[in-house]
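A.B. asks: Chain by chain, the residues:
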Amino acid sequence: MRATQIVEAVLFSSDAPVNAEEIARADDSLNEDVVEKAIKELGRIYEESERAFEIKSLGGGYQIITLPVYATYLDRFDTVAKSSRLSGPALETLAIIAYRQPIGRIDIEYVRGVSSAGVVRTLQDRELVDVVGRGEGLGRPLLYGTTNKFLEHFGFSKIEDLPRKDDLPVVLKGENITEAMPENTEVGSSQKNQTSSNKNRETENDLPVSPSLAD
Amino acid sequence: MDLSPPPQNSQNENFLVVDIERFRGPLDLLLHLIRQQDIDIFEIPISKITRQFLSALTDIGENQINNAGEFMEMAANLLRIKAQMLLPSSVVSEDEDPRAELVYRLLEYEQIQEIKAHLSLAESQRSRQFGKGYVVPRSQRAKKETVLETQWHEVYDAAASMVVPSMDFVEHRVTTRLVAMEDKVDLILLTLQNLKRVRFSKLLEPFESKMHGVMTFLASLELARNRKVKLRQTEKFSELWMYRYVENIPVEVDTNSGEE
Chain G
1 MRATQIVEAV LFSSDAPVNA EEIARADDSL NEDVVEKAIK ELGRIYEESE RAFEIKSLGG
61 GYQIITLPVY ATYLDRFDTV AKSSRLSGPA LETLAIIAYR QPIGRIDIEY VRGVSSAGVV
121 RTLQDRELVD VVGRGEGLGR PLLYGTTNKF LEHFGFSKIE DLPRKDDLPV VLKGENITEA
181 MPENTEVGSS QKNQTSSNKN RETENDLPVS PSLAD
Chain Y
1 MDLSPPPQNS QNENFLVVDI ERFRGPLDLL LHLIRQQDID IFEIPISKIT RQFLSALTDI
61 GENQINNAGE FMEMAANLLR IKAQMLLPSS VVSEDEDPRA ELVYRLLEYE QIQEIKAHLS
121 LAESQRSRQF GKGYVVPRSQ RAKKETVLET QWHEVYDAAA SMVVPSMDFV EHRVTTRLVA
181 MEDKVDLILL TLQNLKRVRF SKLLEPFESK MHGVMTFLAS LELARNRKVK LRQTEKFSEL
241 WMYRYVENIP VEVDTNSGEE
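Line order of the protein sequences matches chains G and Y.
The letter at position 126 of the first sequence is residue 126 when you use the numbering used here, and the numbering goes up by one with no holes.
The letter at position 212 of the second sequence is residue 212 when you use the numbering used here, and the numbering goes up by one with no holes.
Calculated directly from the structure, the hints in this document are not laboratory data.
Warning: the hint list may mix true and false statements.
[As the list claims (entries may be wrong)] Which chain G residues stay away from chain Y? Per the calculated CB distances, all over 12 angstroms, these:
#1 E21
#2 E47
#3 G104
[Unchecked claim] DSS-like, lysine-lysine: derived pairs with alpha carbons at most 25 angstroms apart:
#4 G:K40 / G:K158
#5 Y:K132 / G:K56
#6 G:K82 / Y:K132
Cβ atoms here follow ideal geometry from the backbone N, Cα and C, with glycine treated the same way.
Full structure from sequences and hints, please.
C.D. replies: So, in structure tokens, the structure goes:
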């Protein structure tokens, strides 16, 4: 049995992203490197043979999903698993959490200018954000961060795929302002956490690292 | 830095119409006021903006009272900044603009809106790709086409039974609860005390307004839910019958005989 086929079988049978480490458990002959190679090989085969699907890296795992061009056909079926779109306030709150994580509710509300308890709860219920720690301040507030499910929902492989803040048209400038910018988060430990099992995605050490903010 | 607000353009302000309900919060409103008037965000004329902000607040309706606090807090904040700016520069250090924090918040808010737009786009692109999965369809029956087998005389009867709306001038006046569902509930129960069953249209006969039909229908649904009546219809679009509710005895539908 070739490694490529084993990897394909695991991916085919899964309806959620699976990471390389997890796929490697399928057989003793596999390790993460072999799995990554097999996934590249499969991707090439699918493309050359013009399959209707591809293997996409989502939230640190891999999943076989259909190509966007076939959406018009699949839209006609109620039986296709579709994820529901988020509301404006939910997207706004997610944007803040994604760029400022770990961040407490009070800080989220300060940025938005409106109370946000309900929308944070909704995001937590949908497992797009999770409590990742506690702040130092009064009452040791809960701090929130985005999850792998957040990356999956938006089609990102890792948190660094989000646009860098200084690539956006509105850039915060001025001396006082740069001083007020949040500290850059340590990027070193991200790789390992990104590939940790999907089942563990709610755990505390699964905190994705925020992209580097404006220097 | 010149902290005094630039001369006011009162003409401009007259054209400012702000629908407070459109805004998701005080920052949204403030940013709108600034952008609409092409104001340099680093040189915000605080007194002008505060006045516009406060006038927009007077429109806050009762249903928005929950959010009003957030707008009020911002208004207080604006007034505080204005007060600080009026202090002689010896009291406030020269290089510290009281507006700096507000400017930072506004820029950060605007930046978040851009990220939000980016996320929204990413979400919509992602939603064009599907993984494996099967969702049990909610109801196949709703998808079935209803074949309407109708004869010409039925169409004619239906047309003839239509109430032609009066062409006279109608004064539009909003009134509520002209017809109470509770009255219709009573009417149905009272009717079914004497009769075993009754036609839906029979209950409507004495009345003209459509609202009576709507309320009678709602009342019958409510009674059916509470197991006070049973509703029967032999086929789609046919007469609806209401039966006195009898426990565990299936009601037979007999469409041939007339009503009691």
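A.B. asks: For G:E21, is the shortest CB-to-CB distance to chain Y above 12 angstroms, so the non-interface label stands?
C.D. replies: Consistent with the label, G:E21 stays out of reach of chain Y, its closest Cβ about 20 angstroms off (over 12 angstroms).
A.B. asks: For the pair we were handed, G:K82 and Y:K132, check the Cα-Cα distance against 25 angstroms.
C.D. replies: OK: G:K82 and Y:K132 at ~10 angstroms, within 25 angstroms.
A.B. asks: Do the alpha carbons of Y:K132 and G:K56 lie within 25 angstroms of each other, as the hint requires?
C.D. replies: Holds, at roughly 13 angstroms.
A.B. asks: Over 12 angstroms from every CB of chain Y: does G:E47 meet that, or does the non-interface label fail?
C.D. replies: 15 angstroms, holds
A.B. asks: Using Cβ atoms and 12 angstroms as the threshold, tell me whether G:G104 really stays out of contact range of chain Y.
C.D. replies: Consistent with the label, G:G104 stays out of reach of chain Y, its closest Cβ about 16 angstroms off (over 12 angstroms).
A.B. asks: Sort out whether G:K158 lies within 25 angstroms of G:K40, counting only the CA atoms.
C.D. replies: At roughly 18 angstroms apart (the allowed maximum being 25 angstroms), G:K158 and G:K40 satisfy the hint.
In the structure shown, no violation is registered for any of the earlier numbered hints.
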